[in-house]
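Using the hints, position chain B against chain A.
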Amino acid sequence: MTQKRDAAIVGIHEYPSRDVEGEVSPLQIKAESAARALEDAGLNWSDVDGIYDAGEGGGMGGLTIAEYFGLHPSVIDTTSVGGSSYEFHAAHAKRDIAAGKCRVALLTYGSTAHSNARAIGVGGRGGASMHPAENMDAFAGMTLIANYAMVAHRHMHNYATTSEQLAEISIATRLHAMRNPEAVKAMEDLEFLDIRETTIEDVVNSRMIADPLHLLECCMISDGGGAVVIAAPEIARDCRKSPVWILGSGEATKYPTPGGDITSSAATQSGPQAFGEAGVTAAEMDIAMIYDSFSITVLTLLEDLGFCRKGEGGGWAQGGRLRFDRPSDGPALNTDGGGLSSNHPGMRGIFLLIEAARQLRGESCSQVVDAKLAVAHGNGGMLGSRHSAGTIILGSD
Amino acid sequence: MNEPVRPLPRADEFDTREFWEGSKQREFRYQQCNHCDEVVFYPRRHCTGCTSGELVWKVSSGKGTVYTFSVVRQSYHPFFRSRVPYAVAWVDLEEGPRILSNIVGVDDPLSEVSIGMAVQVEWEEHENVNIPLFKPIED
Chain A
0 MTQKRDAAIV GIHEYPSRDV EGEVSPLQIK AESAARALED AGLNWSDVDG
50 IYDAGEGGGM GGLTIAEYFG LHPSVIDTTS VGGSSYEFHA AHAKRDIAAG
100 KCRVALLTYG STAHSNARAI GVGGRGGASM HPAENMDAFA GMTLIANYAM
150 VAHRHMHNYA TTSEQLAEIS IATRLHAMRN PEAVKAMEDL EFLDIRETTI
200 EDVVNSRMIA DPLHLLECCM ISDGGGAVVI AAPEIARDCR KSPVWILGSG
250 EATKYPTPGG DITSSAATQS GPQAFGEAGV TAAEMDIAMI YDSFSITVLT
300 LLEDLGFCRK GEGGGWAQGG RLRFDRPSDG PALNTDGGGL SSNHPGMRGI
350 FLLIEAARQL RGESCSQVVD AKLAVAHGNG GMLGSRHSAG TIILGSD
Chain B
0 MNEPVRPLPR ADEFDTREFW EGSKQREFRY QQCNHCDEVV FYPRRHCTGC
50 TSGELVWKVS SGKGTVYTFS VVRQSYHPFF RSRVPYAVAW VDLEEGPRIL
100 SNIVGVDDPL SEVSIGMAVQ VEWEEHENVN IPLFKPIED
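Protein sequence lines, in the order shown, are assigned to chains A and B. Just so it is clear: in the first sequence, position 390 is 389 by numbering that gives the first Met the number 0, and no numbers are missing. Just so it is clear: in the second sequence, position 55 is 54 by numbering that gives the first Met the number 0, and no numbers are missing.
Next up, chain A with everything else stripped away, as it sits in the complex (with noise of 0.2 Å):
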């Protein structure tokens, strides 16, 4: 099969601080974030012409976010399915890109979770909106955590999986993160106890938050932001650093039904459709960038890309070969230190494809030699119930 190459990613920025002390909006990360990324690729606020938008900024997202950026767009995309909106802009961006619409796609993502104390994982599930899906579930007190426990309990169950093996989703994240310079200052910053590599039995006698999930099976709560610029062949050739093309996308989401499997997620849907558009499989990735929300979203995320069968995660993850020193055992996992270990501020999608692109150019703290090929894999939503899965398959020049 012959790729298509239609358009790569060229610029790419994540903003370095995980905690900006309240001293910085959403908005104004995205805007800095922004022109890291285009002059990362040599290009100009002038040469954009596609929007690609999540709304975390406020304002009507779509309505004001040229305004703010001072740009005049063609194109403005503003899905907005929480933290896999990232991958679902690379997706509309390669589309849009290759019917003509636009040539130079931005993607910007800012948040102040952690300096704004909003409690992501713990904070309940109050006050009953219209929507007649909340208005059935948040009499129940349902956490963030607790819903991704009830899929690691489940697939437990079915499977045999053990806290254990779940904990080598955690620990590899954390070695990467440990050679990620702005990983350990957001672990500082964050006030992380003790922070070093990890072993399965930290991770297990860590503190338990939602049965069977671990204080460390669950990411961090950071500020945060970042940027893509995503440009057609013809400029991505003249572009400063080595073009990262978009092979291949797909886009899904899931939600209960009357006797549904929570072990299996919409990444069943969009993995094949992404692998099936580049032609390439599971197996010969170099890279897996997981939406390591909790270590119970990357097991599953694996088994449902197919990196292995349903229910044998578990075993499969087992005895580091998820590292990023580890090539000939499959990919390595979350080179930058994950939503675990180094950066989640709610919607952690567009860090994916930048360590991604990193990886495929060189440039990553945990680089994996001669990296060719790469999956960035986003959830968004929750897990163990509506969530949306965007599957992003990268390839180097």
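The reader is advised that the hints may include incorrect statements.
Unchecked claim - Not everything, but these chain B residues come out facing chain A in the computed CB check (under 10 Å):
| hint | residue |
| --- | --- |
| 1 | R9 |
| 2 | K23 |
| 3 | Q24 |
| 4 | R43 |
| 5 | S74 |
| 6 | P96 |
| 7 | I98 |
Derived by calculation from the structure, the hints in this document are not laboratory data. Bear in mind the structure is a predicted one, so any value in this text is a computation, not a measurement. Beta carbons are placed, not taken as given, at the ideal position from N, Cα and C, and that holds for glycine.
Then chain B, alone, in the frame of chain A:
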């Protein structure tokens, strides 16, 4: 200062108001399509199985099993933080609906709740609505 209370549903929400109306009679109501037999839950006005749907309201026995659960140890919500540890569960009713609820009537949720355990609805009374919680029963 008022005691914090459980977040309660709105009685006027368009799709789910019939369910909450039924709760006042301690009826666990759900919908099924006369045309394609699809069970629809949460409640809606349209059938999700076919376009010529004729949804009718039925009353569940209130008996089901725990599909999966978690015991919440930490919550910042004013009501729920006073209740930790408590069990949140997806419960499969024998007629098909799957509902998010709490498992109550156990001394220790950490040791007394399990996947597959048989449960029965137990309504928690409030002024204008009753809340469907679930307690263990013999199989």
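| task | Identify whether the interface hint at K23/B stands, where standing means a beta carbon of chain A within less than 10 Å of its own. | result | Where the cut-off is 10 Å and the nearest Cβ of chain A is about 15 Å from K23/B, the hint is violated.
* Does the nearest C-beta of chain A fall within a distance shorter than 10 Å of the C-beta of P96/B? -> Cβ of P96/B sits 6 Å from chain A, so the hint holds.
Problem - Restraint satisfaction for Q24/B [CB to CB of chain A, less than 10 Å] - result: Constraint on Q24/B not satisfied, violated at 18 Å.
Given S74/B as an interface hint, is the shortest Cβ-Cβ distance to chain A below 10 Å? 5 Å, holds
**Item:** Restraint check, 10 Å cut-off on beta carbons, for R9/B near chain A
**Value:** Status holds, d = 5 Å.
### Query
Is the shortest C-beta separation between R43/B and chain A less than 10 Å?
Cβ of R43/B sits 7 Å from chain A, so the hint holds.
Item to complete: For the hint on I98/B, just tell me whether its beta-carbon gets within less than 10 Å of chain A.
Response: Constraint on I98/B satisfied, holds at 7 Å.
When each numbered hint is compared with the structure, violations occur for hints 2 and 3.
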